Amino acid sequence: KQEVTQIPAALSVPEGENLVLNCSFTDSAIYNLQWFRQDPGKGLTSLLLIQSSQREQTSGRLNASLDKSSGRSTLYIAASQPGDSATYLCAVRLTPMVNAGNMLTFGGGTRLMVKP
Amino acid sequence: NAGVTQTPKFRVLKTGQSMTLLCAQDMNHEYMYWYRQDPGMGLRLIHYSVGEGTTAKGEVPDGYNVSRLKKQNFLLGLESAAPSQTSVYFCASRTQLEAFFGQGTRLTVV
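Chains as they are written, first to last, in the numbering used here: chain A, 275 to 390; chain B, 1025 to 1134.
Looking at chain A on its own, in the form it has when it is part of the complex:
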């Protein structure tokens, strides 16, 4: 069974810092990995999706990397802003051969607070 872990569970940083959020998974037979943002009381917004054949994806100040062999992904946020405060979730999708329903397995999330 795929297990996804996110460390740390909570993080507080001053504005302007660069930061890294970590995601690890136990089964390396993944199809892709997706990073989401969740604001309090809201739904999930997709930030970045990395296919298993890719090493990283970038969108603005966000950069996500993937190391399948070690079962790890990181989300790097450059020059953090108070507006980045939210919970960040990573989700892994196994290959269709073992995951006919194309289901996502989620980590518990990292709650980020960026202080002005």
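Hints are computed from structural coordinates only; laboratory data are not their basis.
Bear in mind the structure is a predicted one, so any value in this text is a computation, not a measurement.
A virtual CB, placed ideally from N, CA and C, is assigned to each residue, including glycine.
Careful, some of the hints might be misleading.
To be verified - DSSO-like cross-link-like pairs, simulated, lysine-lysine; straight-line CA separation at most 27 Å:
| id | chain 1 | residue 1 | chain 2 | residue 2 |
| --- | --- | --- | --- | --- |
| 1 | A | 316 | B | 1081 |
| 2 | A | 389 | B | 1095 |
| 3 | B | 1081 | A | 275 |
| 4 | B | 1033 | A | 316 |
To be verified - Far from chain A, some chain B residues (derived; all Cβ distances over 10 Å):
| id | residue |
| --- | --- |
| 5 | 1037 |
| 6 | 1043 |
| 7 | 1050 |
| 8 | 1051 |
| 9 | 1086 |
| 10 | 1087 |
| 11 | 1091 |
| 12 | 1092 |
| 13 | 1094 |
| 14 | 1096 |
| 15 | 1109 |
| 16 | 1134 |
Said to hold, decoys possible - With the Cβ distance kept under 8 Å, some of the chain A side facing chain B (calculated, not the full set):
| id | residue |
| --- | --- |
| 17 | 284 |
| 18 | 287 |
| 19 | 308 |
| 20 | 316 |
| 21 | 363 |
| 22 | 380 |
| 23 | 382 |
Start from chain A and add chain B according to the hints.
Relative to the frame of chain A, chain B by itself:
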């Protein structure tokens, strides 16, 4: 383009009552999912559907039933609500590549 829409957004139930949560998507997606989110637990899959007329159990299906009579709608039912079903429920649909989520339904069972 509305994407994935969940109704209702909030609901309070008494133990033993029943209710149905509706998820509607306008993107013609085959795959649809119901998750629950509890503090510190992340999102856990309740049931899913790979197409109209099909449903399957996820990780935590007990106490829930689902139906997918139309491709665009995925219904989640609670026949006899219990306090343990207090949670935030999310519906999702997906393409082959990416998943899209609704805004969530906050359910409290007292």
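Status of the hints after comparison with the structure:
| no. | hint | in the structure |
| --- | --- | --- |
| 1 | A:316 / B:1081 | holds, 25 Å |
| 2 | A:389 / B:1095 | violated, 44 Å |
| 3 | B:1081 / A:275 | holds, 15 Å |
| 4 | B:1033 / A:316 | holds, 10 Å |
| 5 | 1037 | holds, 19 Å |
| 6 | 1043 | holds, 20 Å |
| 7 | 1050 | holds, 16 Å |
| 8 | 1051 | holds, 13 Å |
| 9 | 1086 | holds, 17 Å |
| 10 | 1087 | holds, 19 Å |
| 11 | 1091 | holds, 17 Å |
| 12 | 1092 | holds, 13 Å |
| 13 | 1094 | holds, 19 Å |
| 14 | 1096 | holds, 18 Å |
| 15 | 1109 | holds, 19 Å |
| 16 | 1134 | holds, 20 Å |
| 17 | 284 | violated, 11 Å |
| 18 | 287 | violated, 21 Å |
| 19 | 308 | holds, 7 Å |
| 20 | 316 | holds, 6 Å |
| 21 | 363 | holds, 7 Å |
| 22 | 380 | holds, 4 Å |
| 23 | 382 | holds, 4 Å |
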